[in-house]
Amino acid sequence: MAVSDLISTVIMGFAVAAVYFLLSMSLSLCFGVMRIVSLDQFVYYSVGAYMTYLVTAHQASFWSGLLVGVAVSCTLAWAIEETLFRRLYEKGTMFSMITSYGILLAGIGVIKYIWGLVPRPVMAPITGQVALLGTTLSLYRFVVIGLSALIYVGLQLFLEKTIVGKAIRAGIEDADKTEGLGIDIYKIFTVTFLISAALSALAGGLHAPLIMVEPEMGLKIMGTAFMIVIIGGLGSIKGTAVSSLLIGQVVAFGFLLWAPGAETAPFVIMLLVFLVRPRGLFGSAYLKR
Amino acid sequence: METRPMLEVTNLNVSYGQSRVLFGVSLVFPANEVCVIVGRNGAGKTTLLRTIAGFLKPRPGSVTFDGQEITGWRPYKIARMGVKYVPQDKGVFSDLTVRENLELASYAMRDRDWEKVFRYFPKLRELLNRKGAQLSGGERQMLMIGRAILGKTSVLLLDEPSEGLAPTVVQDLVGTFRQLRQHASLVLVEQNLAVARELADRLYLTKEGKIVAQITDKNEIRSLAFEKEL
Ligand SMILES: Nc1ncnc2c1ncn2[C@@H]1O[C@H](COP(=O)(O)OP(=O)(O)OP(=O)(O)O)[C@@H](O)[C@H]1O
Ligand SMILES: [Mg+2]
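Protein chains in written order, with my numbering: chain A, 1 to 289; chain B, 1 to 230.
Please keep in mind that the hints were generated in silico from the structure rather than gathered at the bench.
Worth double-checking, as some hints may not be accurate.
Said to hold, decoys possible - Derived, one-sided and incomplete: chain A residues facing chain B with beta-carbon distance under 7 Å:
no. : residue
1   : Glu90
2   : Gly92
3   : Glu160
4   : Ile163
5   : Asp176
Every residue gets a Cβ at the ideal spot worked out from N, C-alpha and C, and that includes glycine.
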């Protein structure tokens, strides 16, 4: 194996990890705070990607496409949270899973209706190349990694320093007790849901130039995203970040070494982690319910 | 002459799924009294307090606070009205510091007067940067009560606060309750009968989801041998 292959695989692994992190974080927050399995996050992921496609196809900038994706996804998420999830929080996890699976299938249907089945390419907003140890790498990958790292830091600060962030952390531990203090927990749920939708949309938008945008892109990434959440430990940002980095590299090297194995490798990692730590890498012992 | 009760529950029936736990429970909690509820494990004491606090819905039944019907209200609204529930499991937020625990209560109740909390529990001042997980049982109980008395507090629903605490810590707690009763009605679920005898103005005995006895005479409570009932 050439050194140049090695470097480009590692960087690709980090870029993919950056996307995985954003998407898995949204699933982890939804489960951690509301105890819902929010499969509709994969709709917001696809919407994020399609909006960058739509906006760049009209010659506007990729970055504005990214923002449009976030805005559209958050609006959609808000409507869904108000009308559907509000009624499901008191019920079991299974209700949210089935309802959100319905939303995901409907979302895919709508996307197919509007844009058809043909995969669409999205131009990277930055076409520059970086020379690194005898190989050239697309600068865009570094941008994705950098942005995701910034969002990680921002999310940490938000949860550690702001009162709403603290309420979200309290809610992850015990939503009833948080409400018992006099906090309207449903408001906290809404904020968490919107943050999640924004993260999913950013994941899709940033991922778009690295892959082809297609109706079933959400289904394709679903398994890996959930494995990352579980490996990292539910409700833990740090855990999700570490497990994204791990799985990003596993997937990238999988493709380099033996492509068919790339899809199953994350499962193997998940099983190995579970043998040693059933709660996941950073899973909290305090999670209730 | 009886004054209007601070809190009143009438014909409360509560079930978990198919299994009924409370059967037509009716109680009054007068203002500035300490009402103690005793009863065996599984009698439904926690269920009763959680229903008053809004976490469980009675079917049927009603809860009235200060003359206003609050049945079916969301728990955060009931807490903001001044009815605070201090849960049984000493569940402070393990991952949050004492300061963050208090900040959340301050934010919810719009009351930043932590000096009031420190008057009752001076020790909390030194523990501000400690995480919930690192607190002892007694310290957790202090934090739970401390964060509950921020903002308007008319009724404190205390679910077995002395459970699992060392005798000296329990004595301190009894002292605190004596002070607290000047400012709020206390509803105390207690298995510790010494504590119950010492504090109760009124005692309710629960059994299998019903109220089987009510004693409002203090001397009778002091002299009562209700151990055999438990
Ligand atoms: N979440 C629940 N789901 C189903 N049944 C429950 C639930 N919580 C309590 N129960 C049942 O309801 C009954 C009353 O429970 P509850 O916790 O109110 O009793 P308690 O008097 O507080 O007991 P303890 O002294 O042990 O705290 C018990 O039989 C218990 O098994
Ligand atoms: Mg109990």
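Against the structure, the hints:
no.	hint	in the structure
1	Glu90	10 Å, violated
2	Gly92	12 Å, violated
3	Glu160	9 Å, violated
4	Ile163	5 Å, holds
5	Asp176	6 Å, holds
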